[in-house]
Every structure is written in C-alpha cells, then in structure tokens.
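Residue numbers (this note's numbering), protein chains in the order written: chain W, 680 to 886; chain A, 680 to 886.
Just so you know, not all the hints are guaranteed correct.
Given that identical chains are not distinguished, each listed pair holds provided it fits within a single copy or across any two copies.
As the list claims (entries may be wrong) - Calculated pairs, EDC-like style, for lysine to aspartate or glutamate (alpha carbon to alpha carbon, straight line, at most 16 Å):
| # | residue 1 | residue 2 |
| --- | --- | --- |
| 1 | K702 | E685 |
| 2 | K735 | E843 |
| 3 | K702 | E689 |
| 4 | K703 | E843 |
| 5 | K735 | D864 |
| 6 | K702 | E776 |
| 7 | K703 | E692 |
| 8 | K735 | E692 |
I should point out that these hints are in silico values taken from the structure, not numbers from a laboratory.
2 protein chains.
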Amino acid sequence: MKYTSELIREAVEALSMLPGIGKKTAMRMVLFLAKQDDHKSLRLSQSITRMVEGLKECKVCYAYSDDELCGICSNPVRDQSTICVVESIRDLMAIEETQHYRGLYHVLGGLISPIEGLGPDQINIEGLLRRIQTSRPSELIMALRPSIEGDTTIYYISRQPGLEGIQLSQIARGISFGSDLEFADEFTLSRSLATRTPYSLKDKLPI
Amino acid sequence: MKYTSELIREAVEALSMLPGIGKKTAMRMVLFLAKQDDHKSLRLSQSITRMVEGLKECKVCYAYSDDELCGICSNPVRDQSTICVVESIRDLMAIEETQHYRGLYHVLGGLISPIEGLGPDQINIEGLLRRIQTSRPSELIMALRPSIEGDTTIYYISRQPGLEGIQLSQIARGISFGSDLEFADEFTLSRSLATRTPYSLKDKLPI
Numbered sequence: 680m681k682y683t684s685e686l687i688r689e690a691v692e693a694l695s696m697l698p699g700i701g702k703k704t705a706m707r708m709v710l711f712l713a714k715q716d717d718h719k720s721l722r723l724s725q726s727i728t729r730m731v732e733g734l735k736e737c738k739v740c741y742a743y744s745d746d747e748l749c750g751i752c753s754n755p756v757r758d759q760s761t762i763c764v765v766e767s768i769r770d771l772m773a774i775e776e777t778q779h780y781r782g783l784y785h786v787l788g789g790l791i792s793p794i795e796g797l798g799p800d801q802i803n804i805e806g807l808l809r810r811i812q813t814s815r816p817s818e819l820i821m822a823l824r825p826s827i828e829g830d831t832t833i834y835y836i837s838r839q840p841g842l843e844g845i846q847l848s849q850i851a852r853g854i855s856f857g858s859d860l861e862f863a864d865e866f867t868l869s870r871s872l873a874t875r876t877p878y879s880l881k882d883k884l885p886i
Numbered sequence: 680m681k682y683t684s685e686l687i688r689e690a691v692e693a694l695s696m697l698p699g700i701g702k703k704t705a706m707r708m709v710l711f712l713a714k715q716d717d718h719k720s721l722r723l724s725q726s727i728t729r730m731v732e733g734l735k736e737c738k739v740c741y742a743y744s745d746d747e748l749c750g751i752c753s754n755p756v757r758d759q760s761t762i763c764v765v766e767s768i769r770d771l772m773a774i775e776e777t778q779h780y781r782g783l784y785h786v787l788g789g790l791i792s793p794i795e796g797l798g799p800d801q802i803n804i805e806g807l808l809r810r811i812q813t814s815r816p817s818e819l820i821m822a823l824r825p826s827i828e829g830d831t832t833i834y835y836i837s838r839q840p841g842l843e844g845i846q847l848s849q850i851a852r853g854i855s856f857g858s859d860l861e862f863a864d865e866f867t868l869s870r871s872l873a874t875r876t877p878y879s880l881k882d883k884l885p886i
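All chains, please: the whole structure from these sequences, using the hints.
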C-alpha cells in the first residue's frame, strides 16, 4: 500500500500483526483512530501499554492476573476442594460464563502434543501436581477439548503419583444441544450412545 | 464476559471500539498481545500513540501527513498541473496503488450530502478553490464515487467562479472489468452504451 504518512504506515503494520487483521482492515482501524478525538484513541494505546507492562500470571492457577493471585484463587467463597483443569484462559472464561462452576481452575497453557513438540514439561503440569500435594482437592475435573492431545494430557496426568484419593473426572462428551445427529461424527455418536444417562424429569436443565 | 484481570478487561473494551471488532475478537487480540514478547506488543501501542500525537493534515491537499506538506505535495517530480479531487484518503491510496497517476490530489473529507447534513462548508471545497486560484492547474479530475452525493459535489464545484480555462473531468463510469452485464444496473449499463469509446488495439490496457 502507498501511504502519505510514515506514522500511518507504522501503525498499519503494527496493527496488522494482530490475528485475523490484514493490511486493509488495519488501515480502516488507523483511519478510524485518526478521526477520533485524541484522548479516545490514546485510551486504546495506553490500555494496551498498561496491560502488557502490568499483566502477571497467577502463581497458583497460571491464569492472567493483575496481582500475584488472581481474583478466583483469592476469592474465599469459591469451592477450594475442586480444581478444573483447562487448556487456556479462554476456556476458563467460557466456563465462568456458564455461571455453573464455583470451584478453582488450573490453566495448563497447552496440551501434550508430540507433533507440535509440546511435552509435559512445556505445560503447567508440574505446578498442578505441586498444588495438589499442598491443597489436596477432592476432585480434579479435566475440562480439555476432546482430541488426541486432550486425551493424551488426561492420561499423562492420571498416571502421575500423588493423585490417590482424588476423584479424577472429565467433561461429558456427546451431541451438542441444537445439533443434528446425522452430522455428528461416528466416534461422538457411538460414545454418546455408550455413555447414555438415565432420563429423569428432575435432572432437566433449565433451558 | 468474565475476566480474571482488570487490565485485560480494559484492553478488550478499548480494542472493541474499533470498527468491525467485537468483544470476542478483541479478546483474541488481547490474548495474542499478552503472549507476545513485551517489546512487540509495546511496538503496537507506541505506534498508535505516536500516530495519534504526531499526525497532521497536509495544508495543501488535506491528506494525512507527518509534516506541514505531505510527501506528494512536496514531491517536485509530481505533475503540478493536474489535481485529482477525492473523497477520502482511502480513495487517494487506491489511486496511488494503480501507479498510473502522477499528479497531485485534493482530499475533500466527504461529499455534499443534505441527508447527512453535510454542506459545501463542511468539506474542504474552500481550500480547493483557494488552491486553484494560486496554482492555476490545467486539469481538475473529479474522482468521486458515482452517487447522488458525488454528482452533487461535482456539480457544486463546477459552478464555482474562478474555474475558467481549467479542464474539469470526471472518472469514466461503466462496467467493471470481470463483471457481468446482466447484473449491472440499468443506469450504469445505459450510460456505458451512451459513452462508448472507439475500439483500438493500441489503446488496450496491458492486463
């Protein structure tokens, strides 16, 4: 692209490093920012600077946090006896969004994937095991995405010493609400048949 | 959305003010920035700050510029006798991209639109007329988008005093390369018939 301003060129190039943002979209953003009141546009750059410089990792669960301990780990109301193991902070947020889970989390920061060269040492399993030793939760919920990598990670964790007496569970797999059986893959469909649950009016989710 | 960090919440909200960016996309961007090396992410916020604080308008053509005069107006190699009038800096960039125009520009910053409450005084027509008085170009190319607003603007400018002896032209309207005649609107199709051009092998564009 041809720019009449070096400042615009730099801003476009910086913005187009963001995922899913090409040069044209970045240009639209830059022209939008140039048109806005200065203080509104500066609010954007300042909040990014503050975020980058101030962001920490919670030393217990590895979620992004403003302090040493994140808002969930430092909340005494949360159920301390359950740890939900997730791949990423985005999965954590998705579960929080449901408002149906009141326990703690542990963010692995990835799944074991030999293809991508990710071994158990590259993700936060060590910290999880240490944490289990000290806090002795009653249940460990593996909320990892159904995949070879997810299953490998669950298997690896399940084989570690020190998990005696702790209930290990994983999120249910089956057909999503609203989706068609005919389009489900065989693996999911056969599994949802095999792990069918007794029907009870009482259990019905309030949808 | 639920955030484990206030810093992340602020950055997400600032980014989601950008056009076409919702909360989910903003969140993906923020997590991307949080994962990057600090200096890469800070390059983004710093380039936005620099752009917002340093950006000027060229005092001759009203394009965004780093200095009093933009790179095009201050370039002695450009053909000073032709001024191409465009609606926005994006249109200017699109024309520059073609590499087929070597004259100067004038950015109106909008088109006359009574519906949107934009009159001749709200766009940079005054500056255009002043500029014409001093520089006396030989041609004024109206490269405005074919529309009621574009036509109104061209008509308004054409009626101003002081344009004697200056060739006023507008970009050709017709069927775009690669598009189907059957899907063209009647107005464009009938106009492209009425303003047909003599065929000559010599004139063929090198596509």
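Results for each hint:
no.	hint	result
1	K702 / E685	within (15 Å within a copy, 30 Å between copies)
2	K735 / E843	neither (32 Å within a copy, 67 Å between copies)
3	K702 / E689	within (11 Å within a copy, 25 Å between copies)
4	K703 / E843	neither (56 Å within a copy, 39 Å between copies)
5	K735 / D864	neither (40 Å within a copy, 57 Å between copies)
6	K702 / E776	between (33 Å within a copy, 13 Å between copies)
7	K703 / E692	within (10 Å within a copy, 22 Å between copies)
8	K735 / E692	neither (27 Å within a copy, 19 Å between copies)
When the structure is compared with the earlier hints, violations turn up for hints 2, 4, 5 and 8 and for no others.
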